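Following the hints, position chains L, X and Y with the ligands against chain U.
Line by line, the protein sequences give chains U, L, X and Y. At position 218 of the first sequence the residue is numbered 218 (the working numbering), and the sequence of numbers has no breaks. At position 202 of the second sequence the residue is numbered 202 (the working numbering), and the sequence of numbers has no breaks. At position 485 of the third sequence the residue is numbered 485 (the working numbering), and the sequence of numbers has no breaks. At position 220 of the fourth sequence the residue is numbered 220 (the working numbering), and the sequence of numbers has no breaks.
Worth flagging that the hints you see were computed from the coordinates, not collected in a lab. Check before you lean on any hint, since a few could be wrong.
Calculated cross-link-like contacts (lysine-lysine; reagent style DSS-like; alpha-carbon spacing at most 30 Å) [what the hints assert, rightly or not]:
hint : chain 1 : residue 1 : chain 2 : residue 2
1    : L       : Lys-239   : L       : Lys-195
2    : L       : Lys-163   : X       : Lys-490
3    : Y       : Lys-3     : Y       : Lys-430
4    : Y       : Lys-502   : X       : Lys-348
5    : L       : Lys-30    : Y       : Lys-3
If you're wondering where the values come from, they're calculated on a predicted model, not measured in any experiment.
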Amino acid sequence: MAHIVRPYGDTLDDGKVQLSFTLPVPDGPKGRDAARLSVLGWGFRDCEVVHSAAISDDFSFYVAYASTDRGIDFDSAKADAASEAEAAMSMDEIDEYIRAVLGRKVVIVGACTGFDAHTVGIDAIMNMKGYNHHYGLERYKMIEAHNLGAQVPNERLIEYAEKVGADALLVSQVVTQKDVHIGNLTELIELLEAKGERGRFVCVAGGPRIGNKLAVELGFDAGFGRGSYANDVAAFVAKKIESKAKDR
Amino acid sequence: MAHIVRPYGDTLDDGKVQLSFTLPVPDGPKGRDAARLSVLGWGFRDCEVVHSAAISDDFSFYVAYASTDRGIDFDSAKADAASEAEAAMSMDEIDEYIRAVLGRKVVIVGACTGFDAHTVGIDAIMNMKGYNHHYGLERYKMIEAHNLGAQVPNERLIEYAEKVGADALLVSQVVTQKDVHIGNLTELIELLEAKGERGRFVCVAGGPRIGNKLAVELGFDAGFGRGSYANDVAAFVAKKIESKAKDR
Amino acid sequence: MRKKLGLSEEKIARGRELASAIVAPIMEFVRGYTTVTVERATLRIAGADGADADGVPVPNKIVDSLRSSDSGLGDGALLRYADAAERSALPPEALNARIAEGFDLASRPVADAAAARRKAEELVAAGLERISRNKRRREEKLREFAGRNNDPLLYLIVATGNIHEDVKQAQAAALKGADVVAVIRTTAQSLLDYVPYGATTEGFGGTYATQENFRIMRAALDEVAEREKRYIRLTNYASGLCMPEIAAMGALERLDMMLNDSMYGILFRDINMYRTFVDQRFSRMINAYAGITINTGEDNYLTTSDAFENADTVLASQFLNERFAYEAGLPARLMGLGHAYEMDPSIKDGFLFELAQAQMAREIFPEHPLKYMPPTKFMSGDVFQGLVMDSMFNFASKATGQGIHLLGMLTEAIHTPFMMDRFIGLESAKYVMNSMSSFAEEIEFREGGIVRSRAAEVLDQAVSFLEDIEKRGLLDSIAAGLFAEVKRAKDGGKGLDGLVKKGPAYWNPVEAELERALGIGG
Amino acid sequence: MRKKLGLSEEKIARGRELASAIVAPIMEFVRGYTTVTVERATLRIAGADGADADGVPVPNKIVDSLRSSDSGLGDGALLRYADAAERSALPPEALNARIAEGFDLASRPVADAAAARRKAEELVAAGLERISRNKRRREEKLREFAGRNNDPLLYLIVATGNIHEDVKQAQAAALKGADVVAVIRTTAQSLLDYVPYGATTEGFGGTYATQENFRIMRAALDEVAEREKRYIRLTNYASGLCMPEIAAMGALERLDMMLNDSMYGILFRDINMYRTFVDQRFSRMINAYAGITINTGEDNYLTTSDAFENADTVLASQFLNERFAYEAGLPARLMGLGHAYEMDPSIKDGFLFELAQAQMAREIFPEHPLKYMPPTKFMSGDVFQGLVMDSMFNFASKATGQGIHLLGMLTEAIHTPFMMDRFIGLESAKYVMNSMSSFAEEIEFREGGIVRSRAAEVLDQAVSFLEDIEKRGLLDSIAAGLFAEVKRAKDGGKGLDGLVKKGPAYWNPVEAELERALGIGG
Ligand code: B12
Ligand code: B12
Ligand SMILES: Cc1ncc(COP(=O)(O)O)c(C=O)c1O
Ligand SMILES: Cc1ncc(COP(=O)(O)O)c(C=O)c1O
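In isolation and in its complexed conformation, chain U is listed as follows (with noise of 0.2 Å):
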């Protein structure tokens, strides 16, 4: 039986939502008017415009409370494949399943590529010091991992990780304005396939607005979002380098 669940104010399947806008018409009755008609057009019932404001002559700002009848089965919300990872294994044990399953260290190359100069990511997943008391790639035993920092080209990625013969390349994006992400995401694949190397390595990508979804969308084999830690990409990409492993 599908478990169908709506938002919740104060009473099951209310149905309240809180939403913000803005629309490009001036403040008053009418343009409070037209965000309880846009509100509405978006299927929600209900709508209580609470609070319009002038942000310019042209520009008003509304606050809104409406109710949804529109559930979703909750047996249809799939736990993000990458996240499932989330707190499997720690850093020994992905070590021992390395030493174990593998018999060889892993090699990992990260960067942020682009013209990305977010580091704060790739180094919360590589660098020994680790984040939020997870460490780092750096630290583990089993793993040889080169972080190349910001500003990386895709092409110097590649070369990169030819050179190191690396099993995993682990790619940052943190600036996603006009989808740039996109772009130089799409563009890594890309080159890889154009070189017929796609198969040699596992590629993930990972950023605050990146998800597994997107990533894999993209043609990576995962993707990580805020809130990851090292010990999950470790554990993926040992998973995986097993399976592909298993597939040859």
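Then chains L, X and Y with the ligands, alone, in the frame of chain U:
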């Protein structure tokens, strides 16, 4: 030509909306996906669930940003009929109007009905001192205002209105939980109709969650929401009395 | 608590002196009267409970039938109930059931007065022992979980109308850090001259206060308390036409706090003033005996009158509430005197005026766990701005060492709280208060500055205001609209017909025992 | 400004002394060098502008061709440009057009050096006069609209990538109360060794800094200023590989503030350190001459290292930035030294530590219009909690008399600001700052309390840190990763190849005139 408007984040027609809501499911990757699917299910695209948190074991809170393609025709938005009166006439102008057009004092009886004990709203409209630099009806030379206060049963309001020969009834409703205001307002109209007296009075409802639309649906002549002032109501009532007189 | 304002101790003493003088004639009057709900409360402590098929509670059936009988209520109701218990040899539950089915106590005069008295004393002792047990249990748990509550206590309301839905929301709130949960009553329960019976699932803007609802919520909060090792206080309203009865029910079910004000019912519910003064005393004696903290309602003044202009009326009312509370045997540590952060947000330095008021209350009432209410009046549909106002309030509260902190809701102007509203309120308050935790110890207010001058000015005004009231008398002052800009006629308002002059044979062992235990002469 | 922390004046003096000692050898080096962008900036002030069909700017064409010619850049570029102007008798616009079309300055040696010098001086005088006119205009408007700005100045960013869209958002922000509008540059413009030409509509995370974009935005803000009778300051970034050129363009288009740090490029953009130190000096001289306030980038330290642990590096960098700025002729009142509210929000009393840091900066740099940055690192997708953090920051800023206040955005962790985010930021800051407007005058910090102790401790640490740097030398300290936990090799990083040793015949009348006007010996 239709003048379609959509929400504006930082670019025309990007359709960006902020949402927050609770789902009756535990927090976690699956909950976040449920939140995302919910937002998509409401017809938005590019949903980013930017925050999730556990409210309890079984409830979780989400903040999301998403885009909509569904705009509305701005020309279909209507300024609230009652609030069109907004700033229409000042106290002096209204007194002048009543004197000139009706030639007699207008009698208005107001109350906050049912068990609703919020007097501040009806006082703001009726009391001498008024609200936010708008004098109340008691100060109008050409209006005889009777404020019955709060917790007034509908029967008593009607009785009193009959006694003083009122032209108009003003009803305030502030508490709206479980739609208790709908019941109170509907009852008043039904009582008047049962007595064949609906036509005798201009009936006006008011309160922070009352809109003109709702009031008219419930059988009132108009409704006034938050931010309305004595002169809005007085102007409406005076004109309505005149038009009723003409209709006869 | 370090004093920082340099307030005149003399002025403060003068305020207290005036409050005593104002309250004395009221107490004089009060001691000569009982009310229908005082009698019902007495009966409840002795075991009267339940309701008939139409929902009329057993205590009401007893009191109503006595009132309309020849004997009236002048002798009190308890002796008749005890006589019936004695004669029938039934335990209270069975006797209650018989009364619910129609058995009329008033139909028979007392058989053996001495035996009835003994029975009454026995029943009362059992009731009071249950209350004492509750008090001990609370104290034990507070000791066991010492140091686990927030300071100030974070107080949240639930108000779904359905006790079972309330339980979910209350447990969620408690899990996330609330120290106090108040179940808001349904709109207008204040005006009912009876307390409904049983678990309820339908209310408007709140949930009926019933003894069963108290019990259900108490159990739910105790469950979270054990899990979190943090005692969760439960609050309701001993207010309106049934103040003493609700106090009794709360005492029997281990509530920890009660909204309970000496004048709120008069001013904000148009309840008759004589009735209210009699009821408030009895209700407070019960609260005192049960170790229940009262929360007074000064915050309500600021919803109808301006916080900047009328700050002195809040302080004056605090002096009066304190005096009335002492008269009822409440120690200072159970007096959650109320005030509120209701300054117009557009006032320059409004925050400093709020700090002055809160710090002043803190220094004048040093042992009292002041109850500080959030912005409500100037909250609007702009939930973002509202959240920021609440944050300034959270700051002011922690900065001045308030005791009981009602969490503001960003949706205050829109609806009774959604579950997520409460969550946002809690999380943001915890962040602010932790982030400026030691602020109160850190800072001094400059001599001659805005904060000190404002506090001194408000104290001055409050003392003049009390002087004025003393001259006119409290009843006439209320009639003249000196409080909250509301005028109330002495013999107007609801519930006056429930006021009863005590007869020469009036006998109430609950009252006597409470007076004895609390050390307040009858 | 009343001092409240009781900081040791000796320690402060020691900090300044160390900064001088650290900066002196760098200045020694700097005076012997020019860079490609210093030359291009000089050319721009003399009138060089425009770009060829491929978008290569005229100043770059000149400098690149000279560099690759036999003569090189050692003599400076201006004389050649002036010589061409003199010989062709063309006004700069026409000459620029010819260069854009392919005319190569390097192809001909200087004809009449004396005539070329005269021409150069004439061109430079015209450029500098335009800059001076801008400065006078700004001063007049500030006088005319005196008292209409907020205090601190409220600073907002726009970053749509499209200058025309930016204009809408900037005007909306200014109308709602912003005093300063900064147009954030597109991602990675820092790393371009040229400045794009013309109006632009495509950028990522920001809009290209071009002279035409400056002009468009300047006009848009002047329009609002006249309507609102409030001068609106315009800000951009004289930072990255083209610091001096952007400073020149900003001076020519009457920008009012420039992000401009002596070490930011090295640490956060991996630009070579020698190159940066040369560029920063020339850019700052231009800013000083134009009356443009610089904003330094200490806030960036706290995005990579911890605000509690590394507070001293911020103060040390402020001392260094101040010294570098004095060396370039900037008066204290044009030094918007940076810092930021970046304490982990879960730290108990974190707000007090922030207060300590902000108050300390205020007292150590009393005439400097400190630039205070909002929380960014600990902002999350929880926009509600983020708004509350921003409110605490707004409070701290007003409470410590900061000069330039960057408004926090509740969506900081999500996207570049939506129009409504900016609106919420402005409205909430105005409310908070008005509500606690006089707070700074009202309060004192307790002696021996957290705030005073923390400030003294950070000052101590900063002085030790500077002592360490003095011992190692600044360049080696950077190489060793002492700042922001980033290591930079002396000859590593971008742009080193743009560094040029001044030849014996090096001639730069812009530099000479600036040094003269600013009273800083060559
Ligand atoms: C610090 C910071 C900076 C610093 C960067 C310093 C540095 N060395 O990294 C400085 C000041 C230099 C900076 C500059 C800019 N920034 Co910035 N910055 C931030 C800030 C405040 C924090 C980012 C951060 O450090 N987060 C902490 C880390 C640990 O989190 P994280 O990156 O999400 O990483 C975690 C996960 O995502 C994941 N992860 C990340 N990468 C990877 C990779 C892999 C393989 C895996 C498995 C996982 C993984 O694991 C990490 C740990 O859990 C954010 C706002 C915010 N609060 O988020 C803005 C922000 C990211 N910046 C932004 C912008 C626009 C810029 C600029 C472009 C602005 C400008 N025009 O000048 C510049 C230029 C930078 C450039 N060219 O890229 C925007 C991006 C908007 C967008 N969505 O497009 C943000 C969101 C601010 C905003 N609201 O405008 N920035
Ligand atoms: C003050 C106040 C009180 C005071 C009332 C004092 C008094 N004498 O009025 C007290 C403390 C007594 C009180 C009690 C309760 N309150 Co109350 N209260 C408020 C508060 C804080 C402000 C209301 C106010 O005064 N607004 C100012 C006036 C001027 O605005 P207004 O009413 O909107 O009126 C304007 C317009 O609406 C219009 N208007 C109003 N009436 C009319 C009539 C006509 C004819 C016209 C033309 C115009 C008009 O004109 C006015 C001027 O512009 C609001 C929260 C808020 N900030 O809005 C909660 C609020 C209204 N209360 C609420 C509740 C639930 C209660 C209680 C039921 C709680 C309880 N269970 O105990 C009780 C019981 C009251 C009862 N039985 O009705 C809820 C209602 C939720 C809902 N939507 O159902 C609110 C929204 C708070 C909340 N979030 O929970 N309350
Ligand atoms: C003392 C007191 N009693 C009761 C109430 C609640 O109102 P009601 O009278 O509807 O129960 C309040 C509300 O603030 C109060 O302060
Ligand atoms: C001094 C300085 N320059 C420049 C920037 C902007 O970064 P970018 O290098 O991308 O222009 C900052 C950002 O905070 C800064 O502080």
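Hint check:
1. L:Lys-239 x L:Lys-195: holds, 25 Å
2. L:Lys-163 x X:Lys-490: holds, 27 Å
3. Y:Lys-3 x Y:Lys-430: Measuring from Cα to Cα gives roughly 25 Å; hence the hint holds.
4. Y:Lys-502 x X:Lys-348: Given pair Lys-502 of chain Y, Lys-348 of chain X is violated - Cα atoms ~58 Å apart, limit 30 Å.
5. L:Lys-30 x Y:Lys-3: Roughly 54 Å separates the two Cα atoms, so the pair is violated.
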